[in-house]
Amino acid sequence: MLFSCKISNAFIKYLESKNEDLSFVYDSADFPIDLIQDPSAWISAPDLEFLISKIVNQPFKERTMDLVREVGHETPNLHAWGVLDSVLKMIAHPREVFSQPDRFISYFISPEPPIENLVRTSHSIAFDLPLIAEQYPLVSKYLMSAFEALPLYTGKSLGQCSWEHIHVKINWPSESETLVKNEAQSAHLSPTFMQNIIEELQTNQKNLEEKNRELMQKNLQLLNAQKELSKSNLGASTDIEQIQLKIYVNNDLDLNQISQNLARLHDYMVRAQQLITMLTGQIKMNSGIKEVMRRIDWDHVKSQYPVTILESMEALRKLQKKN
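Residues in the sequence shown are numbered from -9 upward in steps of one, following the numbering used here.
No lab work stands behind these hints, which were simulated from the structure alone.
Only a predicted model underlies this, so the values are computations on that prediction, with no experimental measurement involved.
Treat the hints loosely; a few may be bogus.
With a straight-line cut-off of 25 Å between C-alpha atoms, the simulated PhoX-like cross-links for lysine-lysine are [to be verified]:
#1 Lys292 to Lys3
#2 Lys311 to Lys292
#3 Lys79 to Lys131
#4 Lys3 to Lys44
#5 Lys79 to Lys280
#6 Lys79 to Lys292
#7 Lys311 to Lys280
#8 Lys8 to Lys51
#9 Lys44 to Lys146
#10 Lys3 to Lys146
#11 Lys146 to Lys159
#12 Lys79 to Lys3
#13 Lys131 to Lys3
#14 Lys51 to Lys131
#15 Lys51 to Lys146
#16 Lys131 to Lys8
#17 Lys131 to Lys146
#18 Lys280 to Lys146
#19 Lys280 to Lys159
#20 Lys292 to Lys280
#21 Lys3 to Lys51
Take these sequences, add in the hints, and give me the full structure.
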């Protein structure tokens, strides 16, 4: 089972905001910083639980009674979840987040866990998740706290979440507890417009995470092959040459896979730009739509995306030359 690096990234972002010393993470060979700060990447469940326990036990300058809970509640302010943060800011009520609970949970747990015994009310949702909370207590506590913080994305107060054994229950705050009302803005927004953008963002996010999962699995296979090679005492040089050839071929396949994934991501971004252009062309750019564009920081995304893709392609070309 894998957990999303959205979780590890939240801890890193929180500690960075507190100016805490993170050298124990940056200098660790066990947890590559590029991996644990990538919200679209994945990490094995035991590794993430160990990383969080390592963080919790550090003697930080600013001591917190319950660091894991604090990070979960601060998640809406940390911008640690990547595209998912932008999606959540555009949703009118936190109950919409769990309109498809299995899909939302799959942003954090892979493979997608089946949801059973689903019960909804106007102010709560409850379901059984095939993950025992006590098995990964720190990750479970973070997710509980982050679920409690979901209403903050929509200008409401914290909710309440419990997770006992496999049973999860979330209570949403009542309408009277709303902190900020966006009724005027909502009146200007077309529901179809909002839904199309949200679905496009979610699709792109899921596609990116799926490709990262595939790459991670291939990298694990490569590492296992290398470990087997180092452990084996092969007598014949021909056998060694055959295994080395297999590793080189796997490297080439991985590089080709990365190249194909970058091409797909570029295609996804072009489609997203086309969608935004079409929708904004069909609908008058009122203050509500402009606010949505500001929330997802669309201008920044448009300007930084080409730079990011070019840097990635250049790095890939250098790797291909080395091989």
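Structure-based check of each hint:
no., hint, result
1, Lys292 to Lys3, "holds, 23 Å"
2, Lys311 to Lys292, "violated, 30 Å"
3, Lys79 to Lys131, "holds, 23 Å"
4, Lys3 to Lys44, "holds, 16 Å"
5, Lys79 to Lys280, "holds, 14 Å"
6, Lys79 to Lys292, "holds, 19 Å"
7, Lys311 to Lys280, "violated, 45 Å"
8, Lys8 to Lys51, "holds, 9 Å"
9, Lys44 to Lys146, "violated, 33 Å"
10, Lys3 to Lys146, "holds, 23 Å"
11, Lys146 to Lys159, "holds, 18 Å"
12, Lys79 to Lys3, "holds, 19 Å"
13, Lys131 to Lys3, "holds, 18 Å"
14, Lys51 to Lys131, "holds, 23 Å"
15, Lys51 to Lys146, "violated, 31 Å"
16, Lys131 to Lys8, "holds, 21 Å"
17, Lys131 to Lys146, "holds, 21 Å"
18, Lys280 to Lys146, "holds, 22 Å"
19, Lys280 to Lys159, "violated, 36 Å"
20, Lys292 to Lys280, "holds, 15 Å"
21, Lys3 to Lys51, "holds, 16 Å"
Going down the numbered hints, you'll see the structure goes against 2, 7, 9, 15, 19, while the others check out.
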